[in-house]
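K.L.:
The lines below spell out each chain.
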Amino acid sequence: MNKKRNIFKDPYLVIFLLFLIYPFIPFIGKYKSLGAELLIWSIFALSFNLVLGYAGLPSFGHGAFYGVGTYAVAITIMHFSSKGVIIPLVMAAFFGGLFTFFYGYLIKKKRGIYFALLTVAFSQILYVIAFRWNEVTGGETGITSLKIGTFLGIGLKDPLYFYYFTFLVFVITLIIIRKIANSPVGKVLLALKQDEKRAQYLGFNTEKYVWYIFTVSGIFAGLAGGMYCLLHSSAFADTLHWTKSGDVVMATLLGGGLVNFYGPIVGSVIFITAREFLSSFWDNWMLLYGLSFVIIILFIPTGLLGIVEKIKERKHIDSFNNGNNNSTMNGENRPAKILNQEER
Amino acid sequence: MFKFKLTVIVSLVLILIAGCFYATSLAVEPIKIGLVSPKSGNYADHGGMERVGMYLAVEDFGGEVLGRPIELIEADSETNPDIASRRAKALIETENVMFLMGGVSSSVGIAVGAVCEAAGALFIASNENSDTITGSDAMKHMFRVPPNMAILVRGAAQYVADNLGKKWYFITHDYSWGQSGTRWARNMLDVVGAKEIGEVLIPMNTRDFSSYLLQVANSGAEVACVTVGGFDGIALYKQMSEFGIFDKMKVWWTLADYPDSYALQPEQRGRYGMMEIYWTATPELIEFSKRINEKNPNAPVHVTETNSYSGWLGMTALLKGIEAAGTTDVDAVIKAMEGMIICDNMQPNPTYIRPWDHQFIDSMFFGVDNQESGDDITEVLFSMPCKDFARTFSENPVDLTK
Amino acid sequence: MDMNVSLVLALFFNGIVLGLIYAVVAVGFSLVLGVAQVINFSHGLLFAFGAYFFWSISNTAGFWIALFLSPILVAIMGLLIELLLVRRVYGQDPLFGLLITFGFALAMEEVIRMIWGKVARSVSTPAFAQGQLFIGDIIYSKYRIILAIVSLFILLLVWWVITRTSFGAIIKAGMFDSEMISALGHNLPLLRTGIFVIGAFLAGLAGVIAAPLWSIKSGMGTDILMPAFIIALIGGLGSIKGTIVAGLLVGTVTSLAVLFIPRFTDILPYLMLIVVLFYKPKGLFGEVTVLGEVRGE
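Residue numbers (this note's numbering), protein chains in the order written: chain R, 4 to 347; chain Y, 45 to 446; chain S, 1197 to 1493.
Chain R on its own, in the form it takes in the complex (with noise of 0.2 Å):
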């Protein structure tokens, strides 16, 4: 009896059920690929939240790593003539992964704000490059009109399908990267994330943990970057912009990716959503996005889903600590100590 209430509690189940049939709802089914960007950028959430909300790094450039899996996509489709979509993905996820292992190693070191700073100086450089090597990104211009290929036979031109091949990776993301959230080295990354000098002394090897949680990271913002390529069927070096990785990072926070697994997802949605009606609707809607920023970041830091946590708290419903189903990452609401950070 308790087992099925569990199951149905389970947010991976709604998150699964509605993203199933979401071309199937009404008013916002229509929009097949906005529903594919969504599941996109909930995997470069949900990659992205490994380290902020797991290790507590605060990588303010991840978006180079997406960027370099569209184009690593595009680049294996245009000179490779590739056929089908798999091969450019696996490209797409390893030179993610590749960018971030040896990056990783530098910085693994690196806590707090210079993390963030050195994140961000890779990222821009790499940005640079995209926009100013015609040769081989297109500079300025990109890379347009690739042409697609097909997945075991089925074409993807179709907005329908490739929002249910788009669904199928998300799917297969979402198990791995929550084993891997759950598996002991993500409690490992917990718990040097509260206090990592406690950590080594139980014996760990924090950086090693830094190391790996990054390059992995790395290896899914890849993956969804190329998925973003085949979607668009081009790629631009907009997406490796420090300002892009600000998105990334305020849809993350907006979630609650800080104290929930699945805060990057409810994030996105609601991130990705708002920003293309806004945009359709105001030309000067960036004034709101930066506002938004503003009000986030002093009333609710640990974005929607930690006021849901605060009110269950409050409530002592004893929900999502079931043992199987833990999907809150520490119990506390302290805003002023999210991050790996040293007191001064």
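Hints may be right or wrong, so weigh each one.
[To be verified] The calculated label-pair distances, taken between Cβ atoms and stated as ranges, are:
| # | chain 1 | residue 1 | chain 2 | residue 2 | range |
| --- | --- | --- | --- | --- | --- |
| 1 | Y | ASP375 | R | GLY158 | 31 to 37 Å |
| 2 | R | LYS211 | S | LEU1205 | 48 to 54 Å |
| 3 | S | VAL1204 | Y | GLU328 | 52 to 58 Å |
| 4 | R | ASN137 | S | VAL1357 | 45 to 51 Å |
Since the hints were derived computationally from the structure, they do not count as laboratory data. Heads up, the beta-carbon is just placed ideally off N, CA and C, and yes, glycines get one too.
On the provided structure of chain R, position chains Y and S as indicated by the hints.
P.N.:
Coordinates of chains Y and S only, in the frame set by chain R:
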């Protein structure tokens, strides 16, 4: 019995009402045209002007075509190909827009063109000048309004070599359009007897040109051949004046946009340039300037210039095409536009839409900026028809009619 | 590529001018970062507002009034930002300060577009500063030379205040240990506000003097933010000397690099930052690492 009668009557009434809605919805179904034009980014002010032209063209058509009202939907391209192509895709997918127009930036034009080609919609590149748009990047579903860089450069090159100087230094905006201007100027070196002294590549969104201008000033060149546009172009023009470049050599802007000259203080000006249109060229253009001013008193410029003119011409051509085709079927409209001749185009030469590369062919004007205040800021030295300088089929083996 | 000596010298001077202007912007940023431990990503915005105010006021009231009034207006803006936004994130994760000022800057950039339009504006150089100077083979614009001198003067003035006055001593102490400052009886909140306002004033002033140089467009704030940030960090937080040196370094290197790798000169500041942060995490002359400990250094 009563219930049955009531049901029948109510059903009939409902069907009648529904039928009325259906009929009215058919009758007033507007024709939607998407304007993917920059409202921000490097070409924001050009975008503003081109939209003014487009709206005026709709007005000239009486606001409707084929008995249906015309609805213009604006989307900010942000001078960014990524964002522009997403917005174009959204317009096509969610609003069923089959006709799109705009861009200014050639990269945006190529990106939006690709989206339209894939979706079977029609795109009019109203202000993009890179030769590749009707060349290597040409697409069946894309037309281009303004003269391309091949035409503009070949039209000016002989005059420049004969009158301004034979030692050329290239200043190239480092993206597709800028590169196309310099490419064609290079092609003309041997033809007109000029020599290349050097080149600097200006990255997009450059703030400060001092390093580049120091190189140019030091080069011993007689002519600076410049292909840089938008806000970057304005900054470059200003800084050229600041560094006294105009005293050292002649400056030839391969594509001179009026708003860029107008943005400078009179004493800062001094460039030569090929323009697509100049507002004093015909009385109709002067009249059009008045209308622009009325419609948009806050516009950055008060006269007809390239962007507003090409926006008007592109929209006019599209509407004429729909009218001639008698339907909004995209393939039919494309067929109708190929080979079309537009005489009432306010220009000295009529416009001919070339069927095989979808390039509009009309006139161009070469002038030099003066230092007057007011609106007449350029002396037109000569004008010529574009057809003498357009690429021939052997030079540009593209056939979009296939 | 013609690489004669006069060209190299001209580019070198050019780099110095650029570097000095960047340094004026960076110094305000560095001070705020060092003393208040806030990463103020709206600093670039203040620079932009300086330029825009200057444009509006000089069109109505003339050059000199615009010159004096614009930085003051920007300082007032800085005051409001500090009171309403930044105060609330003191003591919290620096990332929050970054995000909140970043969001604010995005919003206000849009406000600039709403007020002044999306068109680029231009201001002329003042009449007394127009024209070129000929130094041997090199032509150089008078205005840039004046600009370099003015920037240097401003920087030296700030340096003098920080290192030679008692006010400066308090500021420096605040960077090391803000609690102690309160304990010694100084008003820490007032100090922090004061530093922020000074930083804003400097940014606004930089915007005014740079306005005739580069076109005034709404994105100019975001454009200058990264260079300022990089220079502040390379130089070392709170060190005026460091900011000047770093500014000159970055300015000259990127200016000269145009001769060798014209396409990728923009990468250089970031590469320099990475290298410096690895070997000298406190920056070249910095004395504090208040932004998180760096393991093993």
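K.L.:
All the hints need checking, so say for each whether the structure fits it.
P.N.:
Quick rundown of the hints versus the structure:
{"no.": "1", "hint": "Y:ASP375 x R:GLY158: 31 to 37 Å", "in the structure": "violated (22 Å)"}
{"no.": "2", "hint": "R:LYS211 x S:LEU1205: 48 to 54 Å", "in the structure": "holds (51 Å)"}
{"no.": "3", "hint": "S:VAL1204 x Y:GLU328: 52 to 58 Å", "in the structure": "holds (54 Å)"}
{"no.": "4", "hint": "R:ASN137 x S:VAL1357: 45 to 51 Å", "in the structure": "holds (48 Å)"}
In summary, the one numbered hint that this structure violates is 1.
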